[in-house]
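Protein chains in written order, with our numbering: chain P, 1 to 267; chain X, 1 to 267.
Some hints could be false.
[Claimed, not checked] Label-pair ranges, simulated between beta-carbon atoms:
| # | chain 1 | residue 1 | chain 2 | residue 2 | range |
| --- | --- | --- | --- | --- | --- |
| 1 | X | LEU81 | P | LYS10 | 56 to 64 angstroms |
| 2 | P | GLY134 | X | ASP169 | 22 to 30 angstroms |
| 3 | P | GLY38 | X | VAL252 | 54 to 62 angstroms |
| 4 | X | LYS19 | P | LYS12 | 48 to 56 angstroms |
| 5 | P | GLU190 | X | PHE114 | 47 to 55 angstroms |
| 6 | P | SER73 | X | PHE114 | 26 to 34 angstroms |
| 7 | X | ASP169 | P | LYS12 | 54 to 62 angstroms |
[Said to hold, decoys possible] Taking lysine-lysine pairs in the PhoX-like style, the calculated list, with each CA pair at most 25 angstroms apart, reads:
| # | chain 1 | residue 1 | chain 2 | residue 2 |
| --- | --- | --- | --- | --- |
| 8 | P | LYS80 | P | LYS214 |
| 9 | P | LYS12 | X | LYS109 |
| 10 | P | LYS214 | P | LYS179 |
| 11 | X | LYS19 | P | LYS10 |
| 12 | P | LYS80 | P | LYS117 |
| 13 | P | LYS141 | P | LYS117 |
Quick caveat, the hints were computed from the structure, so don't treat them as lab data. Where is the CB? At the ideal position from N, CA and C, for every residue including glycine.
Residues per chain, in single letters:
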Amino acid sequence: MLRLDSLVKKYKTGDMALKSVNLEIPNGQVLALIGPSGAGKSTLIRCVNRLVEPTSGNVWLGDVELTRLGSSSLRKARRKMGMIFQEYALVERLSVMENVLSGRLGYTGFWRSFFRKFPQPDIDEAFHLLERVGLDHMANKRADELSGGQRQRVGICRALIQNPEILLIDEPTASLDPKTSRQIMRLICELCEERQLAAIINIHDVLLAQMFSKRIIGLQLGEVVYDGPPDGLTPEVLTRIYGEEDWEATVERVDEDNLDAPADILG
Amino acid sequence: MNTSKVQRVWKRPPLISNKLLRWSLWGGAAIYLSIALGTMDINWQRAAEGSSRGADFLGSFFPPDFSSRWDSIVDGILESLWMTVTSTVIGIILSVPVGLGAARNLSYKPVYYFCRGILAVSRTFPEVILAIFFVKLFGFGPFAGFLALSVGTIGFYGKLLAEDIEDMDPVQAEAIKATGAGWLQWLNYSVQPQVMPRMIGLGIYRLDINFRESAVVGIVGGGGIGATLLTSFDRYEFDSAAAILLIIIAFVMVMEYVSSYIRRWVQ
């Protein structure tokens, strides 16, 4: 379980990115975080694993308070938080396998990782995950040879091999075409279901958020202005989150049965 | 169409918007150049006399004599190669920590300024001046040349390494940090893959530079083929000098070809 307790982030420039955010995410819940650019979505998830240092407030992962950890216990805690990025953030000149195995760095000694001598169970798990996302035949390709959707699947494997308790997912579909976006979102949700993982997904696309998530948080100027089910996103609520606009087309629920069959994930 | 025509003129805005400053810069440059050219005192008569003597001088280079000083040429080349290889390797090894410290995005302010200071000092002096200095300190011979080239390599390689690290993609580095990797693992998995191809190319380029410089530092007493060349000039053995020059040219051309080939291969 992840709990944010009056979390505040004030940047050096004076911008209040987060104004006292309180949030509780039980195990196994996939939560979509929506809001306009600059609402603080990215800052929020980066404050959880402290890629951005929060100014005040507490973050609890299980019974560990993250904001007060020293650097070595922070590294241990980060192993329990898998992160997936907008531009995939694979190390482009490393192979697919090295990228996946880099998720085990927190568990592996320096020399072992330097000589790429990871323990056999890690390698088995890496192949298992790559197989699950349909990329095991790509293990020795360089990451920059892959397409966007393939790269994001490698990114997902890297996060999952950490054996995390929670996934922090920053705009997973922003660089992908609509079809691939849906496949990736479905894959993420299936994997969270399989492993009973909690996840925070930052997402621009309101329709995708409604389609794949049972709980939606609306963030506006660093404040939570909506917390509820996807069908609670009425035009009034969307106006509160994003500002005045014609929301009727967005509010119409998309019929998920018309979308691609799950087998497409491997395509 | 709107027929009430208002003609709006457009001109490219000048680089320097202050008119006075712009024209005084142009004027100043023109005045200095005309004065400088006016004071260049060319004695055409001497130049005419000199050209025939120059022809004699060049004539005495032919035919190049490889045989009579062959042993000392071989010694000089071997010494130069020794100097080149050792100074490149040692210089690069020493420049890695300096370069890491001099990368703004990696190090702390005091370390940054200290390392930038080292780089600035070693880049201020060209290899010849460093060589003169080390010859005074350690006496004639290749050791002084080796030190001069090593220091030159630190300045060159450290600065380019630091700049390459500053230009790297921060998201890839962030992703590895988020896995809970240690600092050395982080360097090895996210920084090194990003800078390595360029640094291999620059290392080979520096090897090439160091060989050419080894001929120069020899002339001020730093040993190597430069010393052999100087000796043959001092003895008016211009045919041997010509042989040495041809050998240097051949070596430089071979190294240039090899280095450009390797650089293309590592990209």
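Q. Does 56 to 64 angstroms hold as the CB distance between LEU81 (chain X) and LYS10 (chain P), or does it fail?
A. holds (60 angstroms)
(Q) Please check whether GLU190 (chain P) and PHE114 (chain X) have a Cβ separation lying inside 47 to 55 angstroms. (A) holds (52 angstroms)
**Q.** Range hint compliance [Cβ, LYS19 (chain X) to LYS12 (chain P), 48 to 56 angstroms]
**A.** violated (39 angstroms)
Q: Would you check the hint for LYS141 (chain P) and LYS117 (chain P), treating anything up to 25 angstroms between C-alpha atoms as holding?
A: holds (18 angstroms)
Q. Per the hint of 54 to 62 angstroms, is the separation of the Cβ atoms of ASP169 (chain X) and LYS12 (chain P) within bounds?
A. Since the Cβ atoms of ASP169 (chain X) and LYS12 (chain P) sit about 23 angstroms apart, the hinted range of 54 to 62 angstroms is violated.
Q.
Holds or violated: LYS80 (chain P) and LYS117 (chain P), Cα atoms, limit 25 angstroms.
A. holds (22 angstroms)
Q. Straight-line Cα separation of LYS214 (chain P) and LYS179 (chain P) no greater than 25 angstroms?
A. Distance ~21 angstroms between LYS214 (chain P) and LYS179 (chain P) Cα, so the pair holds.
Q: Given the hint of 22 to 30 angstroms, check if GLY134 (chain P) and ASP169 (chain X) actually sit that far apart at their C-beta atoms.
A: holds (26 angstroms)
Q.
If I claimed the Cβ atoms of SER73 (chain P) and PHE114 (chain X) lie 26 to 34 angstroms apart, would that claim hold in this structure?
A. Check passed, 30 angstroms falls within 26 to 34 angstroms.
Q) Is it true that the CA of LYS80 (chain P) sits at most 25 angstroms from the CA of LYS214 (chain P)? A) Holds, because 23 angstroms separates the two Cα atoms, which is no more than 25 angstroms.
Q.
The hint says 54 to 62 angstroms between GLY38 (chain P) and VAL252 (chain X); measuring C-beta to C-beta, is that right?
A. holds (56 angstroms)
(Q) Holds or violated: LYS19 (chain X) and LYS10 (chain P), Cα atoms, limit 25 angstroms. (A) Roughly 44 angstroms separates the two Cα atoms, so the pair is violated.
Hint check: violations occur at hints 4, 7, 11; the rest are consistent with the structure.
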